[in-house]
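Position chain B relative to chain A; hints supplied.
Chain residues, written in single-letter form:
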Amino acid sequence: QQQVKQSPQSLIVQKGGISIINCAYENTAFDYFPWYQQFPGKGPALLIAIRPDVSEKKEGRFTISFNKSAKQFSLHIMDSQPGDSATYFCAASIGSWRGSTLGRLYFGRGTQLTVWP
Amino acid sequence: DARVTQTPRHKVTEMGQEVTMRCQPILGHNTVFWYRQTMMQGLELLAYFRNRAPLDDSGMPKDRFSAEMPDATLATLKIQPSEPRDSAVYFCASGPESSGNTIYFGEGSWLTVV
Chain A
5 QQQVKQSPQS
15 LIVQKGGISI
25 INCAYENTAF
35 DYFPWYQQFP
45 GKGPALLIAI
55 RPDVSEKKEG
65 RFTISFNKSA
75 KQFSLHIMDS
85 QPGDSATYFC
95 AASIGSWRGS
105 TLGRLYFGRG
115 TQLTVWP
Chain B
27 DARVTQTPRH
37 KVTEMGQEVT
47 MRCQPILGHN
57 TVFWYRQTMM
67 QGLELLAYFR
77 NRAPLDDSGM
87 PKDRFSAEMP
97 DATLATLKIQ
107 PSEPRDSAVY
117 FCASGPESSG
127 NTIYFGEGSW
137 LTVV
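Sequence lines, in order, name chains A and B. Numbering-wise, the first sequence is residues 5 to 121 according to the numbering used here. Numbering-wise, the second sequence is residues 27 to 140 according to the numbering used here.
Mixed in with the good hints there might be a few duds.
[Said to hold, decoys possible] No more than 20 angstroms apart at the CA atoms, straight line, and that leaves these computed lysine to any residue pairs for SDA-like:
| no. | chain 1 | residue 1 | chain 2 | residue 2 |
| --- | --- | --- | --- | --- |
| 1 | A | K46 | B | E94 |
| 2 | B | K37 | B | L53 |
| 3 | A | K61 | A | I22 |
| 4 | A | K46 | A | K75 |
| 5 | A | K46 | B | A28 |
| 6 | A | K46 | B | V115 |
| 7 | A | K46 | B | I52 |
| 8 | A | K46 | B | T31 |
| 9 | A | K61 | A | Q41 |
| 10 | A | K46 | B | Q50 |
| 11 | A | K9 | A | G64 |
| 12 | A | K46 | B | T64 |
| 13 | B | K104 | B | P34 |
| 14 | A | K46 | B | M65 |
| 15 | A | K9 | B | E70 |
| 16 | A | K46 | B | H36 |
| 17 | A | K46 | B | P34 |
| 18 | A | K19 | A | V119 |
| 19 | A | K46 | B | Q67 |
| 20 | A | K75 | A | R55 |
| 21 | A | K19 | B | V115 |
| 22 | A | K9 | B | T31 |
| 23 | A | K9 | B | A28 |
| 24 | A | K61 | B | L72 |
| 25 | A | K19 | B | A28 |
| 26 | A | K46 | B | K37 |
Don't read these hints as lab results, they were simulated from the structure.
Just chain A, with the same shape it has in the complex (with noise of 0.2 angstroms):
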């Protein structure tokens, strides 16, 4: 069962737009939700996290909005380039570092991103 589900699975954008990936979630319990994204032939390396207490995070080009009632996140690229290539993940987990389940990460299947020039 998929804890964290996400959307597309692959987006095309043109150089200067707008990207926009979703994910929503059932456990009421996660309270910390990052982003991350993975270049070919790398591992994921943390892009951008929020907490539940606040709705929109947002650094440089990149921002989360955060919907608690609807159990939703979402990523939003701003004037995409073709740099920002790659696949993104969502993610969420639940909590401090303590206790046997606290601390995993359950991650979305990945979105591929590919900016057009």
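Below, chain B without anything else, positioned relative to chain A:
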């Protein structure tokens, strides 16, 4: 520049052979994860350790997979015997207890079982 180091980076082996993958977590990180990435399943958690003790290995096929942390600087993932369906990229990740759930991935071990 601290990073998670994985070896081997690439491995091609024949079905039935034993495969051992190694991971050196970032110094000071006390939590280590093993993930497997495939096109079909995405990123799956196989096992994770905190302070070298296994916390959850429910994602790992127990009959052929084993994971250990012989010491704080080494985590191993072993497959014996390997099968073609084990072909995937295996990632190790580590994180410090105080990071608030931020984990850092290695570059992966690309395994092909023929």
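Going through the hints against the structure:
Distance check on the hinted pair: K46 (chain A) and E94 (chain B) sit about 24 angstroms apart at the alpha-carbon level, beyond 20 angstroms; violated. Straight-line distance between C-alpha atoms of K37 (chain B) and L53 (chain B) comes to about 26 angstroms, which puts the hinted pair past the 20 angstroms bound. At most 20 angstroms may separate the alpha-carbon atoms for a hinted pair to count; K61 (chain A) and I22 (chain A) meet this at roughly 16 angstroms. The hinted pair formed by K46 (chain A) and K75 (chain A) fails the criterion: a straight-line CA distance of about 30 angstroms is larger than 20 angstroms.
The hinted pair formed by K46 (chain A) and A28 (chain B) meets the criterion: a straight-line CA distance of about 16 angstroms does not exceed 20 angstroms. Restraint check for K46 (chain A) and V115 (chain B): satisfied, since their Cα atoms lie roughly 10 angstroms apart, inside the 20 angstroms limit. For the hint linking K46 (chain A) to I52 (chain B), the alpha-carbon distance of about 17 angstroms falls within 20 angstroms, and the restraint holds. With a CA separation close to 12 angstroms, the supplied pair K46 (chain A) and T31 (chain B) stays within the 20 angstroms bound.
About 17 angstroms separates the Cα atoms of K61 (chain A) and Q41 (chain A), which keeps this hinted pair within 20 angstroms; it holds. Restraint check: the Cα-Cα separation between K46 (chain A) and Q50 (chain B) comes to about 16 angstroms, which is no more than 20 angstroms; the hinted pair holds. Only pairs whose Cα atoms come within 20 angstroms are accepted, and K9 (chain A) paired with G64 (chain A) is rejected, the gap being roughly 25 angstroms. Note on K46 (chain A) and T64 (chain B): the hinted pairing holds, with a Cα-Cα distance of about 14 angstroms set against a maximum of 20 angstroms.
Proximity of K104 (chain B) to P34 (chain B) is assessed by CA-CA distance (about 12 angstroms); at most 20 angstroms being required, the pair is judged to hold. With a C-alpha separation of about 15 angstroms, the suggested pairing of K46 (chain A) with M65 (chain B) holds against the 20 angstroms cut-off. Distance hint between K9 (chain A) and E70 (chain B) is fulfilled; the C-alpha atoms sit about 14 angstroms from each other, no more than 20 angstroms. Note on K46 (chain A) and H36 (chain B): the hinted pairing holds, with a Cα-Cα distance of about 13 angstroms set against a maximum of 20 angstroms.
With a C-alpha separation of about 14 angstroms, the suggested pair K46 (chain A) and P34 (chain B) falls inside the 20 angstroms cut-off, and the hint holds. Simply put, K19 (chain A) and V119 (chain A) have alpha-carbon atoms about 6 angstroms apart, close enough for the 20 angstroms limit, and the pair holds. A hinted pair counts as satisfied when its Cα atoms are at most 20 angstroms apart, and K46 (chain A) with Q67 (chain B) qualifies at roughly 18 angstroms. Taking the CA atoms of K75 (chain A) and R55 (chain A), the gap is near 12 angstroms; set against the 20 angstroms cutoff, the hint holds.
About 30 angstroms separates the Cα atoms of K19 (chain A) and V115 (chain B), which puts this hinted pair outside 20 angstroms; it is violated. About 30 angstroms separates the Cα atoms of K9 (chain A) and T31 (chain B), which puts this hinted pair outside 20 angstroms; it is violated. Straight-line distance between C-alpha atoms of K9 (chain A) and A28 (chain B) comes to about 32 angstroms, which puts the hinted pair past the 20 angstroms bound. Of the supplied pair hints, the one linking K61 (chain A) and L72 (chain B) is violated, its CA atoms being roughly 31 angstroms apart against a limit of 20 angstroms.
Note on K19 (chain A) and A28 (chain B): the hinted pairing is violated, with a Cα-Cα distance of about 33 angstroms set against a maximum of 20 angstroms. With a C-alpha separation of about 16 angstroms, the suggested pairing of K46 (chain A) with K37 (chain B) holds against the 20 angstroms cut-off.
Hint violations for this structure: numbers 1, 2, 4, 11, 21, 22, 23, 24 and 25, all remaining hints satisfied.
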